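Asks: Same order as they appear, the protein sequences are chains A and B.
With my numbering, letter number 141 in the first sequence gets 343, and the count goes up by one each step, no holes.
With my numbering, letter number 283 in the second sequence gets 485, and the count goes up by one each step, no holes.
One should not assume that every hint holds.
A pair holds if it fits inside one copy or across any two, identical chains being indistinguishable in the list.
Unchecked claim - Calculated pairs, DSBU-like style, for lysine-lysine (alpha carbon to alpha carbon, straight line, at most 35 Å): (1) LYS347 - LYS240; (2) LYS292 - LYS347; (3) LYS455 - LYS347; (4) LYS413 - LYS500; (5) LYS307 - LYS240; (6) LYS467 - LYS288; (7) LYS205 - LYS571; (8) LYS292 - LYS205; (9) LYS500 - LYS541.
Note that these hints are calculated values from the structure, not bench results.
Fair warning: this is a prediction, and the values are worked out from it, not measured in the lab.
There are 2 protein chains.
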Amino acid sequence: MAKAAILGFGTVGSGVAEVLTMNAENIAKTVGEEVQIKYIVDVRDFPDSPFAPLMTKDFSDVENDPEIDVVAEVIGGATVAYDFTKRALKAGKSVVTSNKELVAKHGRELLAIAKDMNVNYLFEASVGGGIPLIRPLTQCLAGNKIEEIYGILNGTTNYILTDMIENGASFEAALREAQRLGYAEANPSADIDGIDAGRKICILADICFGKEVRSDMVPTEGITGVTLEDVEAAEKLGYKIKLLGRAMSLDGKTCAFVAPHLVPKGNMLARVDGVMNGVVVRGNAVGETMFYGPGAGKLPTASAVVGDIIDALRHRQKRRDIGWEAGESADFFDPSLLKTPWYVRVEGETASITQPCTRAELNEALAEKTVLASFRVLD
Amino acid sequence: MAKAAILGFGTVGSGVAEVLTMNAENIAKTVGEEVQIKYIVDVRDFPDSPFAPLMTKDFSDVENDPEIDVVAEVIGGATVAYDFTKRALKAGKSVVTSNKELVAKHGRELLAIAKDMNVNYLFEASVGGGIPLIRPLTQCLAGNKIEEIYGILNGTTNYILTDMIENGASFEAALREAQRLGYAEANPSADIDGIDAGRKICILADICFGKEVRSDMVPTEGITGVTLEDVEAAEKLGYKIKLLGRAMSLDGKTCAFVAPHLVPKGNMLARVDGVMNGVVVRGNAVGETMFYGPGAGKLPTASAVVGDIIDALRHRQKRRDIGWEAGESADFFDPSLLKTPWYVRVEGETASITQPCTRAELNEALAEKTVLASFRVLD
Numbered sequence: 203m204a205k206a207a208i209l210g211f212g213t214v215g216s217g218v219a220e221v222l223t224m225n226a227e228n229i230a231k232t233v234g235e236e237v238q239i240k241y242i243v244d245v246r247d248f249p250d251s252p253f254a255p256l257m258t259k260d261f262s263d264v265e266n267d268p269e270i271d272v273v274a275e276v277i278g279g280a281t282v283a284y285d286f287t288k289r290a291l292k293a294g295k296s297v298v299t300s301n302k303e304l305v306a307k308h309g310r311e312l313l314a315i316a317k318d319m320n321v322n323y324l325f326e327a328s329v330g331g332g333i334p335l336i337r338p339l340t341q342c343l344a345g346n347k348i349e350e351i352y353g354i355l356n357g358t359t360n361y362i363l364t365d366m367i368e369n370g371a372s373f374e375a376a377l378r379e380a381q382r383l384g385y386a387e388a389n390p391s392a393d394i395d396g397i398d399a400g401r402k403i404c405i406l407a408d409i410c411f412g413k414e415v416r417s418d419m420v421p422t423e424g425i426t427g428v429t430l431e432d433v434e435a436a437e438k439l440g441y442k443i444k445l446l447g448r449a450m451s452l453d454g455k456t457c458a459f460v461a462p463h464l465v466p467k468g469n470m471l472a473r474v475d476g477v478m479n480g481v482v483v484r485g486n487a488v489g490e491t492m493f494y495g496p497g498a499g500k501l502p503t504a505s506a507v508v509g510d511i512i513d514a515l516r517h518r519q520k521r522r523d524i525g526w527e528a529g530e531s532a533d534f535f536d537p538s539l540l541k542t543p544w545y546v547r548v549e550g551e552t553a554s555i556t557q558p559c560t561r562a563e564l565n566e567a568l569a570e571k572t573v574l575a576s577f578r579v580l581d
Numbered sequence: 203m204a205k206a207a208i209l210g211f212g213t214v215g216s217g218v219a220e221v222l223t224m225n226a227e228n229i230a231k232t233v234g235e236e237v238q239i240k241y242i243v244d245v246r247d248f249p250d251s252p253f254a255p256l257m258t259k260d261f262s263d264v265e266n267d268p269e270i271d272v273v274a275e276v277i278g279g280a281t282v283a284y285d286f287t288k289r290a291l292k293a294g295k296s297v298v299t300s301n302k303e304l305v306a307k308h309g310r311e312l313l314a315i316a317k318d319m320n321v322n323y324l325f326e327a328s329v330g331g332g333i334p335l336i337r338p339l340t341q342c343l344a345g346n347k348i349e350e351i352y353g354i355l356n357g358t359t360n361y362i363l364t365d366m367i368e369n370g371a372s373f374e375a376a377l378r379e380a381q382r383l384g385y386a387e388a389n390p391s392a393d394i395d396g397i398d399a400g401r402k403i404c405i406l407a408d409i410c411f412g413k414e415v416r417s418d419m420v421p422t423e424g425i426t427g428v429t430l431e432d433v434e435a436a437e438k439l440g441y442k443i444k445l446l447g448r449a450m451s452l453d454g455k456t457c458a459f460v461a462p463h464l465v466p467k468g469n470m471l472a473r474v475d476g477v478m479n480g481v482v483v484r485g486n487a488v489g490e491t492m493f494y495g496p497g498a499g500k501l502p503t504a505s506a507v508v509g510d511i512i513d514a515l516r517h518r519q520k521r522r523d524i525g526w527e528a529g530e531s532a533d534f535f536d537p538s539l540l541k542t543p544w545y546v547r548v549e550g551e552t553a554s555i556t557q558p559c560t561r562a563e564l565n566e567a568l569a570e571k572t573v574l575a576s577f578r579v580l581d
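Hey, can you work out the whole structure from these sequences and the hints?
Replies: This is the structure in structure tokens:
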């Protein structure tokens with residue numbers, strides 16, 4: 203019997219416990235033995251939970267128990283989670299996580315510790331929630347040179363934009379509705395300012411291009427500057443406005459950024475609505491392929507965490523090598539130098555789409571005018 | 203250095219050689235050593251090919267060479283390919299393939315031989331061309347109980363239906379155009395009669411439900427009965443007609459079939475056009491997730507074959523277990539007993555959508571009428 207510990211009993215943590223329980227039979231068949239939760243670590247009390255007997259407030263119970271093979275870190279943030287992850291790896295346990303902030307900030311270091319200890323650090327759930335992404339990239343598409351990866355990586359902002367597009371809601375009204383439904387936090391900055399999408403595109407860039415892209419290298423523009431006027435003008439021009447994270451390889455350098463884009467209505471990403479996520483990968487052999495599904499939520503995220511638990515247990519003898527641990531930082535291509543068409547709305551003129559140009563060229567061309575909005579266009 | 207052989211130098215085989223060559227550096231990095239093609243087996247001569255020095259007509263060159271670790275079988279069919287695959291596996295070589303006919307017919311036996319010999323038999327390319335599907339199902343979604351998998355599995359028929367829907371082409375004209383473009387064979391039966399999609403849904407059902415579904419168990423209805431009248435009537439009702447392969451778990455039994463369906467325009471599958479494929483998986487934790495991309499073609503299919511070559515080489519010590527080798531046949535749920543809404547076009551009446559019912563109930567309700575067309579509706 204394999205024994206697991208869950209760190210953090212919030213939304214995702216309780217989902218992980220639920221999935222391990224409800225699908226126990228299938229999971230045992232796949233792993234080759236039963237998988238039992240031995241500890242759930244949380245500072246809070248959950249006296250009414252069916253998992254109450256497994257609760258502990260002391261992480262060292264997990265750290266010092268040689269029976270524990272795998273630890274699911276679903277605390278979030280990069281403080282306690284960082285400390286516990288390092289200690290678990292150093293104690294010879296594989297760690298799986300949905301914690302994009304931690305992976306984006308300290309992934310390289312944690313992967314190096316995992317390698318030293320001959321255990322796994324897996325983070326399928328950190329990008330795209332339940333959508334399979336990291337394994338398809340590192341395995342199925344391993345024969346490709348990845349040219350670009352881009353997509354809708356944040357469900358909250360996609361919900362807000364969809365509400366604006368479909369129901370004519372203002373940004374403020376759509377945000378309030380997202381908060382009412384629990385899709386957005388009381389302090390929504392991490393979502394609406396593009397920070398969450400920025401962490402995710404960092405992780406995808408690391409995986410696709412094999413070198414570390416730090417969050418602080420990646421310019422992020424959120425959706426607070428998108429107005430109903432722009433949504434309507436985009437509609438008339440044949441586009442939908444979506445917040446995209448993009449990472450590409452240009453001249454041997456990595457370019458990554460987050461910004462609102464006009465996406466042609468014929469593009470599959472224009473059809474990714476509400477809280478769903480969609481990610482497009484372009485490889486030099488496969489062409490374009492897209493992954494679509496729930497990018498957040500209790501059970502979808504738990505699905506990915508449990509997939510990683512299973513994989514870690516099946517690779518106890520021989521650790522999985524995910525191909526991003528070279529320890530090198532990426533040479534960075536400044537996204538403002540990327541040439542794309544732009545959507546431009548200028549005072550007194552009808553909104554229009556420009557020829558491909560850089561940000562500086564656009565600014566120069568518009569120097570004499572009062573610019574009300576300018577967003578890149580996906581071509 | 204790892205040495206590989208390619209069996210068959212047709213479209214896919216030459217694509218595999220091309221991808222292994224053009225992405226050699228990346229592939230070597232991922233595998234941990236260079237991957238060299240040592241033989242290409244084909245009965246034909248290719249004197250002008252850059253790969254001419256590697257050509258042999260004699261499979262036993264491969265079979266008897268202990269240096270060969272992995273063999274890509276891209277011959278197609280279930281005669282010579284069957285013989286060569288068995289011999290290669292028995293000679294202790296991993297085999298990877300794009301051959302859906304062989305996997306659907308003899309997959310169970312070939313997986314058993316591979317297991318006995320402690321080598322791999324991998325077939326990511328057999329379903330969905332370059333789209334990552336089998337690994338996401340067996341790994342990322344391993345924590346789920348899969349409830350249903352369904353999708354557009356054949357690019358040729360999707361091209362024809364798209365041409366009918368978008369351009370008002372007749373079935374015959376669209377088929378001729380598909381043949382002219384090389385998407386359809388001179389004898390198009392395997393595509394338009396749903397046989398190809400039937401093989402693929404068998405493989406997906408095997409993988410998702412862990413028991414063997416034989417092609418001859420799976421009723422297949424192709425697209426020859428779809429007329430422009432139906433395409434237009436569907437449009438008015440808010441649907442697009444798509445050929446779907448579907449497999450689901452019902453009462454502990456497996457139900458699988460191929461048939462034209464009316465797909466609601468809001469469904470992502472309605473947006474999968476032309477030769478593209480799209481596959482939706484519904485799991486009890488993840489909900490619905492979709493995989494989209496080129497379902498055929500030289501380089502996309504080669505991308506998947508090369509992904510498997512890399513995986514086979516990385517798992518030489520410890521073979522990959524793909525979770526479909528139990529040797530059991532599935533209990534089969536007769537698809538005609540599945541209750542769904544139906545699209546019905548009856549002489550003298552406007553086309554309409556029924557309440558959910560079985561095929562027999564539908565026939566009974568329509569007994570007095572002249573039925574011009576009836577297709578299931580995806581709900």
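Asks: State for each hint whether it applies.
Replies: A quick look at each hint next to the structure:
1. In the homo-oligomer, the alpha carbons of LYS347 and LYS240 lie at most 35 Å apart only across protomers (23 Å), although the nearest pairing inside one protomer, at 42 Å, exceeds that limit.
2. Within a single copy, LYS292 and LYS347 get their C-alpha atoms as close as 34 Å, and across copies as close as 33 Å, so both meet the 35 Å cut-off.
3. Taking CA atoms no more than 35 Å apart as the test, LYS455 paired with LYS347 passes inside one copy only; the shortest distance there is 13 Å, against 41 Å between copies.
4. Taking the shortest Cα distances, LYS413 and LYS500 sit within 35 Å of each other both inside one copy (31 Å) and across copies (30 Å).
5. In this assembly of identical chains, the alpha carbons of LYS307 and LYS240 lie at most 35 Å apart only when taken from the same copy (29 Å versus 43 Å across copies).
6. In this homomeric assembly, LYS467 and LYS288 never come within 35 Å of each other (Cα to Cα): the closest approach is 45 Å inside a single copy and 48 Å across copies.
7. For the homomeric pair LYS205 and LYS571, neither the shortest alpha-carbon distance inside one copy (65 Å) nor that between copies (63 Å) is at most 35 Å.
8. Only within a single protomer do LYS292 and LYS205 lie at most 35 Å apart by alpha-carbon distance; the minimum there is 17 Å, versus 37 Å between protomers.
9. In this homomeric assembly, LYS500 and LYS541 come within 35 Å of each other (Cα to Cα) only across copies, at 31 Å, whereas the closest approach inside a single copy is 39 Å.
Checked against the numbered hints above, the structure violates hints 6, 7; every other hint is satisfied.
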